[in-house]
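Trainee: Fit chain to chain and form the complex, with the hints in mind.
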Amino acid sequence: MPFAGTRPPARRPRWKRLDPEEVRGIRLLSPTFLYTLAFLVGPVLLVVAYSFWTQTYLTFDHTFTLENYRVALTEPIYRDLLMRSLYISFIVSLVTVIFAYPIAYYISFHGGSRKSLLLFLITIPFWTGYLLRVMAWKVILGYKGVLNTGLIGLGIVDKPLESLLFSSTAVIITLIHAWAVFAILPIYVSLEKLDRSLLEAATDLGDGPVRRFLRVTLPLSMPGIIGALLIVMIPTVGDFVTPKLVGGTEGQMIANAIQIQFGKASNWPLGSALTITTMMIVTLMAGASVLVLRSLVRWMR
Amino acid sequence: MLDTVSAASKPMIEISGLRKSFGNFEALKSISLNVQEGEFFSLLGPSGCGKTTLLRLLAGFGEQTAGTIAIDGQDMTGRPANRRPTNMVFQSYAIFPHMNVEENVGYGLKRLKLDRQEEQRRVREALDRVELGALGKRRANELSGGQRQRVALARALVMRPKVLLLDEPLSALDKKLREQMQVELRHLQKAVGITFILVTHDQYEALALSDRVAIMFDGQVAQVGTPKDIYQNPVSRKVADFLGGMNFVDAEIAEENGVSLTLDAAGFGRVRAPKPQGYQSMGRQITLGIRPERLRVLWDDDQAEHQIGGQVIDRHYFGEVTQLIVEIPGFKAPLAVTETNDFGADDIPVGSAIRLAYDPDALVAMND
Ligand SMILES: Nc1ncnc2c1ncn2[C@@H]1O[C@H](COP(=O)(O)OP(=O)(O)OP(=O)(O)O)[C@@H](O)[C@H]1O
Ligand SMILES: [Mg+2]
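Residue numbers (numbering that gives the first Met the number 0), protein chains in the order written: chain A, 0 to 300; chain B, 0 to 367.
These are calculated hints, taken from the structure and not from any lab test. Note that the structure is predicted; figures quoted are calculated from it, not measured. For each residue, glycine too, the CB sits at the ideal point set by N, CA and C. Don't take each hint at face value.
To be verified - Partial list, derived from the structure: chain B residues whose beta carbon lies under 10 angstroms from chain A:
#: 1; residue: Arg154
#: 2; residue: Phe267
#: 3; residue: Arg269
Stated by the list, open to error - Derived list of chain B stretches under chain A, where covered just means 3 residues or more per stretch with a C-beta under 8 angstroms from a C-beta of chain A:
#: 4; segment: 81-87
#: 5; segment: 93-106
To be verified - Between beta-carbon pairs, the in silico distance windows are:
#: 6; chain 1: A; residue 1: Ile123; chain 2: B; residue 2: Gly132; range: 35 to 45 angstroms
#: 7; chain 1: A; residue 1: Ala135; chain 2: B; residue 2: Arg115; range: 50 to 60 angstroms
#: 8; chain 1: A; residue 1: Val22; chain 2: B; residue 2: Ser143; range: 29 to 39 angstroms
#: 9; chain 1: A; residue 1: His109; chain 2: B; residue 2: Asp210; range: 38 to 48 angstroms
#: 10; chain 1: A; residue 1: Arg26; chain 2: B; residue 2: Lys174; range: 53 to 63 angstroms
#: 11; chain 1: A; residue 1: Gly154; chain 2: B; residue 2: Glu62; range: 43 to 53 angstroms
#: 12; chain 1: B; residue 1: Lys174; chain 2: A; residue 2: Arg23; range: 35 to 45 angstroms
#: 13; chain 1: B; residue 1: Asp114; chain 2: A; residue 2: Val22; range: 51 to 61 angstroms
#: 14; chain 1: B; residue 1: Asn23; chain 2: A; residue 2: Phe119; range: 22 to 32 angstroms
#: 15; chain 1: A; residue 1: Val22; chain 2: B; residue 2: Gln119; range: 37 to 47 angstroms
#: 16; chain 1: A; residue 1: Pro19; chain 2: B; residue 2: Pro348; range: 48 to 58 angstroms
#: 17; chain 1: A; residue 1: Gly24; chain 2: B; residue 2: Lys136; range: 28 to 38 angstroms
Only chain B is shown next, with the shape it has when bound in the complex (with noise of 0.2 angstroms):
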């Protein structure tokens, strides 16, 4: 059979059994990846959990421990990092201090030996892509956050690498700024058509601008996927509360067949739900999991097919939206339930009884 792989879908990184230790330190245990060629992949974890240290394997910063990386098919391993394919926008963003924007963005071009004219053609292009055309003969201590930002991914984006590499770059800006260069980077990548690995432990920064986004905890990849696969399915409890809230049911299993299992869970009876991915059978417990927003509450008379009852213990005024604290008799831990302040949800006394509305659908099992 004829393989169809479409150029969208051909491999530009593969990383297997990847492993880093620093001493007896195990950053990185068994990393295993694909990116695809053109696709804005995210790496996404807490604090500690071994996103620089990755991206800096990739851009050829240190070496592996164990385990091989390839980019475009070819292994990096032993290759130092002034002669791979990748480019980095650092954290700090690195900006040379002792030359100008154009000598920044320039730096990289000049080994290349282009004429004089080829350079200055590039230079200019990379800087107005990212629109700093007016700022060329600044220095680099003339410059504000964000246009500081800016000249690193100009001067990165000028070598037309392969992938490019981001550590947290969007981390030192402040929030209005941040929202705005995140657009921008969304579109430049679709522009430049460049493979982007971005690292952030921004949950709603990987969600909102990547193709695909792979989670990290303790140096392991705990699960890969799209934005609103891996937000809708979370494989346990720790990515689920990684990517926002969520209620946590104990339920037990009652039947298992080839994708889904069908579970008990008080409050919710009987309820199917796909198995999550890497799920291994281990005894008959399990959690069920439900974001508070997917709870809807029910006012007055409004009558649902699938809905529980319970008691508000406590209210959070969020501006745009209310969160409810609601304790269901036979339930472990309140639910929390996340309304829009619309219908009034704000007003809603602490202490009243409260039907919520819910879809089965909503419900997903989670391996721990």
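Just chain A, with the same shape it has in the complex (with noise of 0.2 angstroms):
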């Protein structure tokens, strides 16, 4: 027989070359992709098309203006709203990190038989409603709080601290409690999937229990750490029940003029405006704290 050589496979229509598995997988993703550009995709681009817009009373003027744009970032009491807001979110998420971790690293590490237990304890708290553990640290810090009460009692103060409740001090204490248990988790998996024999191994080359966890633990488990951290960042940026409830005037978040545009203002393309600054803002942030907590890892190994 002769040499039939192999003749290339005639050229198909782009859309008919995709192999099976690939169609498979686009169909299979296509609900999660119709659901996300219907309530995710979508309503951010109205968001971003009212923030270009102006608003008079109940009717929209749809010419293209940057106005809002300008009063959202030079207006003194957006900008300091804003920059409360990133502060609080900022601290917060710090402060739930730093807290979570050594827990995590007690349930992982020293947890035994009991890690499942223990993780159970932790999530007792939210088997309450978010406004019922709020209302909870108002009776807390509140002027004749359990706080005061309790510090008078002992003679450390000899009048009730009046800076506990309604202030962003109150709001970052809320908010370090409401978010613990949402650092804790990624941090205890990534904790979970380290290699115990690699501390072995950093042992056996000669690194004590310090210089050991600090090049291979943390490193390692900086994927958790930067999961918790954005976990906590993302959403406290924008929450805006914890300062309306126990922030006082002193510590309204940006969410609380957010929703006032949206709702008495009317004034929608500044709320759009004000929404759209403030994600690319905490986007910035969230981009930033990794990359600093990265080279922070890269450089103390």
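Mentor: And the structure:
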């Protein structure tokens, strides 16, 4: 038989060239994709569109304008609210992660057979609603609250501290408590995944416990730390319930202002511009935090 | 009298009366061993016999329940792993996934605060030794099993330990690569001159690589010796069995003197065999053993001074060799015979009568 050679396969239209595996993948993805499109991408695009329009009472002027962004970025009140929101969410996520790490570490390394029990116990505060937990903090931090009476009883202060409730501090404390579990879990997972023989290898190569932690445990649990940081940082920037309940005037955040624009003030375009600005800045802050943490780890080893 | 101990016979590791319990379970029951400087020493035994436990105690992971370990004359009791002159190649290799090959190998050097050039030179040297010179920038997850194994080896060697501990370093590799790495490991050990302690449950690996082997069962050392010694003169049925096939024959002690025993065994008649290590007179019954490859098939009218006759009841073909199972009148169990296939042992029909030649020196007396 003569040598037949191989004929190159005829080129088919691009969509037909997808192999069955890919087609199946796309089909599997499509419900999620449509869902995301309808409930996430759509609304965001709408908000972006609004932010370039103008509103007078109930009518929208659809001519393109950057005025809303000028107001959002230069009006001192919004600038201050935004800065405070960023400050609060940064402090909250940082402190939450710092508190969460030792807890996650303890459960993962010393939990033994009680790991599931300990994780379960951590979720107990979440059996009540968020509002109830915020209310509980009101009881603790209030003028005649648990903390003040306790401090007076111990003779540490002689009249109640006024700044406890209705302040940024109150917002920060409440948020830290509220988000603790969300920070513990990702860190716990990343520590669980850590191969214990790596720690022995580090010891074998001469590292004491502290160096070993800094060179192996911490870098390898960094995905968990970053996850925890973002999970806490991003939603807390936009929180408006907590500041409303325990923040007082001094503890208001950007989301409260946004809420007002969409509500009482009836200025959706400005509200949209504030929203978009906040989103951008949070993204930048989150990205910067990740970069800083990464380079910190690189520098340490 | 002056002691003429040469450098090569200086004890590097002295283990005495070492015990380790996990709760009620005794993983190590009074182990005493000496390993010489520069020796390639293997710990061989079935799964769960305590090899890893012993190796980890040497490395400083976990504390012994009793007994002492001295390395290079220094008592190691209470000294943590990071301050022992040992380094370990872990079974899982434990390559740091967040570092590249060079960073992995240089990990332990960082603490020594060498100047940068010296550090790099040592990393390079270690990588070249394991033939990984070109892969310095690769990340751990971009390496094959054999390459990871070499990184683990280089990372330990670069520390220039007095003792290198290896926990089944080759068991994760496929057969071909494993055999290649065995040769390299042996060459490497000779080149660096460091004392190697290798844990393995592969008897061929232990025999092929080691200067001496310790065979362990149930947390105890059953026998220590050169590969040839333990293969040819196993002290017990268990040791003999673990090191490959062995035929066992019941024998009766007729006479006992200084170093040897005179025995009566059905089929073999009266034979003399050296006393096994740790022999204790316990009645008149004893086990005699002969390796299947020490029995030879006699063809046609070949004659040998020592021979026994029987009938082939089974035959197993293994490629280069054939194993015949031969029933001998008066024997409790049939004998296994391995014969190379050059002369057609694979064609001997089952059921045929056969004569076997043996060398009386190949008969070993065992303790149980
Ligand atoms: N941390 C521990 N807690 C309780 N028992 C243990 C522990 N480590 C080991 N053992 C037990 O000690 C015995 C010896 O274990 P070891 O790991 O030393 O065996 P090994 O000889 O290395 O076996 P393998 O060849 O399977 O690796 C086993 O029965 C094991 O179950
Ligand atoms: Mg083991």
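Trainee: Does each hint hold? Answer for all of them.
Mentor: Hint-by-hint comparison with the structure:
For Arg154 (chain B), the shortest C-beta to C-beta distance to chain A is roughly 7 angstroms, which falls under 10 angstroms, so the interface hint holds. For Phe267 (chain B), the shortest C-beta to C-beta distance to chain A is roughly 51 angstroms, which exceeds 10 angstroms, and the interface hint is violated. Restraint check, Arg269 (chain B) versus chain A: the minimum CB separation of about 56 angstroms is more than 10 angstroms; hint violated. Only residues whose C-beta sits within less than 8 angstroms of a C-beta in chain A count toward coverage, and the segment 81-87 of chain B has 5 of them, enough to reach three; the restraint holds.
Counting residues of the segment 93-106 of chain B whose beta carbon lies closer than 8 angstroms to any beta carbon of chain A gives 7, which meets the minimum of three for the stated coverage. About 56 angstroms separates the C-beta atoms of Ile123 (chain A) and Gly132 (chain B), a value inconsistent with the hinted range of 35 to 45 angstroms. As the Cβ distance of Ala135 (chain A) to Arg115 (chain B) is approximately 56 angstroms, the hint placing it in 50 to 60 angstroms holds. As the Cβ distance of Val22 (chain A) to Ser143 (chain B) is approximately 33 angstroms, the hint placing it in 29 to 39 angstroms holds.
The hint said 38 to 48 angstroms for the Cβ distance between His109 (chain A) and Asp210 (chain B), and at roughly 43 angstroms that hint holds. For Arg26 (chain A) and Lys174 (chain B), the hinted distance range of 53 to 63 angstroms is not satisfied, since their beta carbons lie about 43 angstroms from each other. In this structure the supplied range 43 to 53 angstroms holds for Gly154 (chain A) paired with Glu62 (chain B), their Cβ-Cβ distance being about 49 angstroms. The beta-carbon spacing between Lys174 (chain B) and Arg23 (chain A), approximately 38 angstroms, falls within the hinted interval of 35 to 45 angstroms.
Distance hint for Asp114 (chain B) and Val22 (chain A): a CB-CB separation of about 59 angstroms, consistent with the stated range 51 to 61 angstroms. The hinted window of 22 to 32 angstroms between Asn23 (chain B) and Phe119 (chain A) holds, with their beta carbons roughly 31 angstroms apart. Evaluation of the 37 to 47 angstroms hint for Val22 (chain A) and Gln119 (chain B) yields a failure: the beta carbon distance comes to about 52 angstroms. Take Pro19 (chain A) and Pro348 (chain B): their Cβ atoms lie about 56 angstroms apart, and the range 48 to 58 angstroms holds.
Evaluation of the 28 to 38 angstroms hint for Gly24 (chain A) and Lys136 (chain B) yields a pass: the beta carbon distance comes to about 33 angstroms.
Going down the numbered hints, you'll see the structure goes against 2, 3, 6, 10 and 15, while the others check out.
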